[in-house]
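Trainee: These are the residues of each chain, in order.
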Amino acid sequence: MTVIDHTADTENLTLTFVAEFDASIDRIWQIWEDPRQLERWWGPPTYPATFVKHEFFPGGDSRYYMTGPEGDKARGWWKVTEVNAPTTFTFEDGFAGDDGEPSGWLGSSFCTVTLEDVGGRTRMTSVTTFESLEQLEEMLKMGMEEGMALAMGQIDKILAEPVSSPQAG
Amino acid sequence: MSDAEIDRIFQALADATRRDIIRQVMRTGQSVSTLAGNYQMSFAAVQKHIAVLERASLVGKERHGREQIVHGNPEALQRAARLLDAYGDIWRQRADRIGDLLSEPRQD
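Top line first, the protein sequences correspond to chains A and B.
Take 1 as the starting number for the first sequence in this note's numbering and just add one per residue.
Take 1 as the starting number for the second sequence in this note's numbering and just add one per residue.
Check before you lean on any hint, since a few could be wrong.
[To be verified] Covered stretches of chain B, as calculated for chain A (at least 3 residues, CB under 8 Å):
no.: 1; stretch: 4-12
no.: 2; stretch: 58-64
no.: 3; stretch: 87-95
[What the hints assert, rightly or not] Across the chosen pairs, the derived CB separations fall in these ranges:
no.: 4; chain 1: B; residue 1: Ala-16; chain 2: A; residue 2: Trp-105; range: 24 to 30 Å
no.: 5; chain 1: B; residue 1: Glu-5; chain 2: A; residue 2: Thr-2; range: 29 to 35 Å
no.: 6; chain 1: B; residue 1: Gly-37; chain 2: A; residue 2: Glu-55; range: 42 to 48 Å
no.: 7; chain 1: A; residue 1: Asp-98; chain 2: B; residue 2: His-71; range: 43 to 49 Å
no.: 8; chain 1: B; residue 1: Lys-61; chain 2: A; residue 2: Trp-105; range: 46 to 52 Å
no.: 9; chain 1: A; residue 1: Gly-120; chain 2: B; residue 2: Glu-104; range: 18 to 24 Å
no.: 10; chain 1: B; residue 1: Ala-14; chain 2: A; residue 2: Gly-59; range: 42 to 48 Å
In short, the hints are calculated from the structure, not lab data.
From a predicted model like this one, the values you see are computed outputs, not experimental measurements.
In this text, a Cβ means the ideal position worked out from N, Cα and C, and glycines have one as well.
Required output: the full structure, derived from the provided sequences and hints.
Mentor: Put into structure tokens, the structure is as follows:
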């Protein structure tokens, strides 16, 4: 079973996601470290990911593409910035051009993943920060149409925040 | 929703003043001049923000006598909410797939 929570912070363009798995920390580390396991879950079934390079150490580079239903390819890259096996790692994620190399288009997002042992289960927390809404939007377009089916949340939060006090009288 | 519509919504929501205007007018319609009085910027600047929100269909404007009343468009806001939350959904789906992967017999 997987217990999940996610919180979006619009002001800081950050999404925090928490899930728990019935597996050891080492096992969860593996699904990130091993590109063959990583590509089984990184992209949706309609846009499966293929990692052509995956250097899971500080300063390492990853290159991947996601193949759409019409054979279209969306390419991306990671720069792995920090790795403390088996509990934390951070990477930068951005768009790549047709040659598979970073295009610089729309900058990059930054992701920190933390794994914790919680009584034999593993809690995985990912915190992703985007540089701009345009970038977040393009990430969403990268084969994630079905993601649109999700509900509410963010605007509810905007609406629930206090209104900046209008001058009385 | 077309890409162009999505672009307009994201652009509109990228600004703190515009998000605040949305909060104000969702509760009750407000005149442009009342809204302008809430911010330390020129009337024209506030009008400009309202125009951006209008193009994204996040708010609408109606004329009441001499006043222009701005009101929120909840339907468009809900579409924007779905968009903003979609990234969280991507992670939910990833977690589901991880769960599936973990339930397979190990092959070492």
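Trainee: Tell me the numbers of any earlier hints that the structure contravenes, in ascending order.
Mentor: The structure breaks hints 2, 6, 8, 10; every other hint is satisfied.
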